[in-house]
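Chemist: Mapping the sequence shown onto full-length UniProt numbering, position 31 (from 1) lands on 31, and the numbers just tick up by one.
Rather than coming from a laboratory, the hints here were simulated on the basis of the structure.
Incorrect hints may appear among the rest.
Under the rule of at most 27 Å between Cα atoms (straight-line distance), these lysine-lysine pairs were calculated in the BS3-like manner [claimed, not checked]: (1) Lys-6 - Lys-51; (2) Lys-17 - Lys-36; (3) Lys-51 - Lys-17; (4) Lys-58 - Lys-42; (5) Lys-36 - Lys-58; (6) Lys-6 - Lys-36; (7) Lys-42 - Lys-76; (8) Lys-6 - Lys-45; (9) Lys-39 - Lys-58; (10) Lys-6 - Lys-17.
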Amino acid sequence: MVDVLKIACINPIMHYKIPVGWLRIGNPADFISITKNIKTFKIDKTYINGKLIFSDDKSYIPLLNENPINNFNYRKNPL
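Sequences are here, hints too, so could you generate the full structure?
Modeler: What follows is the structure, given as structure tokens:
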């Protein structure tokens, strides 16, 4: 399993020199936690910019009350 994760996550970052994927001081902490059952690969927690946004099947992303924009201009055609 470790080889698969390294191939999928670390190797592309190193090969293409993408400045992401490392947990270092000053870097944004975007990562997932899979600690309860590594065999099922179920995500327990998700962090974006160091903030917990998902944990134990619950999202902590606030919902926005936005009005939908409708640009559909419709006129009934006479038959």
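Chemist: Does each hint fit the structure? Answer for all of them.
Modeler: Hints and how they fare:
| no. | hint | result |
| --- | --- | --- |
| 1 | Lys-6 - Lys-51 | holds, 24 Å |
| 2 | Lys-17 - Lys-36 | violated, 32 Å |
| 3 | Lys-51 - Lys-17 | holds, 26 Å |
| 4 | Lys-58 - Lys-42 | holds, 13 Å |
| 5 | Lys-36 - Lys-58 | holds, 16 Å |
| 6 | Lys-6 - Lys-36 | holds, 20 Å |
| 7 | Lys-42 - Lys-76 | violated, 51 Å |
| 8 | Lys-6 - Lys-45 | holds, 20 Å |
| 9 | Lys-39 - Lys-58 | holds, 21 Å |
| 10 | Lys-6 - Lys-17 | holds, 15 Å |
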